Amino acid sequence: MTAPRTSPSQDDGYNFAYLDEQTKRMIRRAILKAVAVPGHQVPFGSREMPLPYGWGTGGIQVTASIIGLKDVLKVIDQGADDTTNAVSIRRFFAKTAGVATTEKTDEATIIQTRHRIPEMGLGDDQIIVYQVPIPEPLRWLEPRETETRKMHGLADYGVMHVKLYEDIAKYGHIETSYDYPVLVNDRYLTAPSPIPKFDNPKMHGMGALQLFGAGREKRIYAIPPFTRVASLDFEDHPFEVQAWDQSCAICGADDSYLDEVITDDQGGSMFVCSDTDYCQRRVAAGHKGAGDA
Amino acid sequence: MYVAVKGGENAIDNAHALLAEERRGDPSVPELTLDQIKQQMTFAVDRVMGEGSLYDPDLGALAIKQACGDLVEAVFLLRAFRTTLPRLGVSEPVDTADMTVRRRISATFKDLPGGQVLGPTFDYTHRLLDFALAAEGAAPPVAAEAAPEDMANLMPRVTDLLAQQDLIEPEVGPDDTDRHVADLTRDPLEFPAGRDLRLQNLARADEGFLLALGYSTQRGYGRNHPFAGEIRMGEVAVEIVPEELGFAIEIGDITVTECQMVNQFTGSATEPPQFTRGYGLVFGRSERKAMSMALVDRSLRARELGEEVTAPAQDEEFVLYHSDNVEAQGFVQHLKLPHYVDFQSELVLIRALRREAAARRNEAAE
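Chains A and B supply the protein sequences, listed in that same order. By my numbering, the letter at position 284 of the first sequence is numbered 284, and the numbering carries on one by one without gaps. Whatever position you read off the second sequence (first residue = 1), add 1000 for my numbering.
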């Protein structure tokens, strides 16, 4: 495989990485505070971006504030580099910052993601930026911000434990399969963004700095490198991740998160890696799946 | 068998090319000019400027053209432009008592100093489609009889007349002295929100959302007994005080519509019975929105006035968090972004639950 790394030239009509320097400084201050209080949601003066709210404006503002000329940016959505919104965000930074972009997880210094953590482990020279739609893990249980802030202040998370318990009592399982709440540094209940709970264990003790940006909700939070991140569970119902009976039809991986692709209208389907870079690496290394005709 | 999902870049480029083609429509029809939009679609331009928080009719017209007439999309375009602009100064408060009035009506007094001025309005038109308009090239309409020159000077605000008799609450609250005005475009919303922040939010809010909320108060969801004390529309001067000059200079005129609702209030432990205010102010000629804003402003003052908060229009978190159509349209429409990772995790879960349910049924049957 050839490295798809490119260095387009920056569009002169904008400040580097679009945001003005004052705004970047304001956001960097919020990030520093967020790193100092792991898992705590820091309000910030989120700006209107030329991309719609809910489409990654928080992640884009965080990335724009930390990115420098030497950075190499990877953008993924659903684990893939070529989904339309990932393409759109990558182009945005290629145009406004002129930075190099890559699809290779280990080449990137900044990875902006929506809904996944790459399968490949991240190192302490990398930063992962999550796009967050609803930063408040208690929001579905308590719609009022004034109340949830109080609950965080008092570390009063009983309502979440009751919710998980009720799931088990009713269904025999915890019914949350993505955006599964975590406790960061034994203190703040935190939303991991809507990643599948399959990815939750990767957050624990991760080498990379994890930054979370919620543009519409105007919140930034962070998990510093090598921080304890625990998915909520019970002693008799320990946390479990998704598993598949199948392996990837393209590369044969049985340890990655799989997407189901419908192949006909007779109930036929196949499973492929959601992390496209991981899948391509395995294919390049000579692995083969059963279904790759 | 498996069709790779590669090709996002090409798809995006082609989609945008198609959009440009559809925007232009049939090339045998003359292209719409910005002047035509600015002159003949004024309510659309006014709405886009108001909700886009940027007073610039030329850019408003451009946004409408670019958005093919989708006004919420045009608002978004204007907002995304506005956010890049430097802040050169902060204006002095505009004085609507000093407005060059084009329309002014009061529903609370039959006559009053300055009189009732209907001005240009849809009110009292019969909503019959005017097929004469379909025939283009008609001669321009005959100019209406001009209003007296000195009209503006004789037009005190209705609420000021009530205030002289101490019948309505004073306009300036005790906590208004520091002159710091909140700005939600710079700082995140915080609760409880002051009235300055609420009014800013409402002025930028989606007209349809405010209309429905205001309407809900009239139907009993947080009723606040409003009277349209005064609605006025016209031009006001905007002034700034440049630091190096130290005195105010006019930088231009803007058209605004102001609505002052006068609301019944029976008094509380600390306040005597008096009328209270609901205030609406919007760019351009947007009377429907100014009135809705005034109704909702008054509703959101429930807590401050010691009224029970029972209805959506009185609930500031509900109203302020959901009023912005740029935020709302983005998040509603983000549902069309791929969610197949999360959906897959739901598939895994629901299949497991169904297997277990089937096993339980079989057990019960045996």
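FYI, nobody ran anything at the bench for these hints, they're computed from the structure. For clarity, every value in this text was computed on a predicted model and none was experimentally measured. Just to be clear, a hint being listed does not mean it is correct.
Quick partial rundown of chain A residues pointing at chain B, CB under 10 angstroms, derived from the structure [said to hold, decoys possible]:
1. N15
2. M26
3. R47
4. G56
5. G79
6. A80
7. D82
8. T83
9. R114
10. I168
11. A169
12. K197
13. R219
Simulated crosslink set (BS3-like; lysine-lysine; CA at most 30 angstroms straight-line) [said to hold, decoys possible]:
14. B:K1065 to B:K1038
15. B:K1065 to A:K95
16. B:K1336 to A:K95
17. A:K150 to A:K33
18. A:K150 to A:K24
19. B:K1336 to A:K163
20. A:K104 to B:K1038
21. A:K70 to A:K33
22. B:K1065 to B:K1336
23. A:K95 to A:K150
24. A:K104 to A:K24
25. A:K24 to A:K95
C-beta atoms are modelled at their ideal positions from N, C-alpha and C, and glycine is treated no differently.
Now for the hints, and whether the structure bears them out:
1. Nearest Cβ of chain B to the Cβ of N15 of chain A: about 8 angstroms, under the 10 angstroms cut. The hint holds.
2. Proximity of M26 of chain A to chain B holds as hinted, the smallest CB-CB distance being about 9 angstroms (cut-off 10 angstroms).
3. Taken as an interface hint, R47 of chain A checks out: its beta carbon lies about 5 angstroms from the nearest beta carbon of chain B, inside 10 angstroms.
4. At about 9 angstroms, the closest approach between the beta carbon of G56 of chain A and any beta carbon in chain B falls short of 10 angstroms, and the interface hint on this residue holds.
5. For G79 of chain A, the interface hint holds, since its Cβ comes within 10 angstroms of a Cβ in chain B; the closest pair sits about 6 angstroms apart.
6. Contact between A80 of chain A and chain B, as hinted, is supported at the beta carbon level, the nearest pair being about 7 angstroms apart and thus within 10 angstroms.
7. Interface restraint check: D82 of chain A against chain B, minimum CB-CB distance 5 angstroms, threshold 10 angstroms, status holds.
8. The interface hint given for T83 of chain A holds, since its Cβ lies 5 angstroms from the closest Cβ of chain B, which is under the 10 angstroms cut-off.
9. Contact between R114 of chain A and chain B, as hinted, is supported at the beta carbon level, the nearest pair being about 8 angstroms apart and thus within 10 angstroms.
10. A least Cβ separation of about 12 angstroms between I168 of chain A and chain B goes past the 10 angstroms threshold, and the interface hint is therefore violated.
11. For A169 of chain A, the suggested interface contact is broken, since its CB lies about 14 angstroms from the closest CB of chain B, more than 10 angstroms.
12. Taking 10 angstroms as the C-beta contact cut-off toward chain B, the hint placing K197 of chain A at the interface holds, the least distance being around 7 angstroms.
13. Given hint, R219 of chain A at the interface with chain B, holds; its Cβ is 8 angstroms from that chain's nearest Cβ, closer than 10 angstroms.
14. Distance hint between K1065 of chain B and K1038 of chain B is fulfilled; the C-alpha atoms sit about 10 angstroms from each other, no more than 30 angstroms.
15. About 25 angstroms separates the Cα atoms of K1065 of chain B and K95 of chain A, which keeps this hinted pair within 30 angstroms; it holds.
16. For the hint linking K1336 of chain B to K95 of chain A, the alpha-carbon distance of about 25 angstroms falls within 30 angstroms, and the restraint holds.
17. Restraint check for K150 of chain A and K33 of chain A: the C-alpha separation of about 19 angstroms stays at or below 30 angstroms, so the hint holds.
18. Restraint check for K150 of chain A and K24 of chain A: the C-alpha separation of about 29 angstroms stays at or below 30 angstroms, so the hint holds.
19. Pair hint K1336 of chain B plus K163 of chain A holds up; C-alpha atoms about 29 angstroms apart against a cutoff of 30 angstroms.
20. As the CA atoms of K104 of chain A and K1038 of chain B are separated by approximately 49 angstroms, the hinted pair breaks the 30 angstroms bound.
21. Our distance criterion of 30 angstroms between C-alpha atoms is met by K70 of chain A and K33 of chain A, whose separation comes to about 25 angstroms.
22. Simply put, K1065 of chain B and K1336 of chain B have alpha-carbon atoms about 25 angstroms apart, close enough for the 30 angstroms limit, and the pair holds.
23. Straight-line distance between C-alpha atoms of K95 of chain A and K150 of chain A comes to about 42 angstroms, which puts the hinted pair past the 30 angstroms bound.
24. Note on K104 of chain A and K24 of chain A: the hinted pairing holds, with a Cα-Cα distance of about 27 angstroms set against a maximum of 30 angstroms.
25. Pair hint K24 of chain A plus K95 of chain A holds up; C-alpha atoms about 18 angstroms apart against a cutoff of 30 angstroms.
Checked against the numbered hints given earlier, this structure breaks hints 10, 11, 20 and 23; the rest are met.
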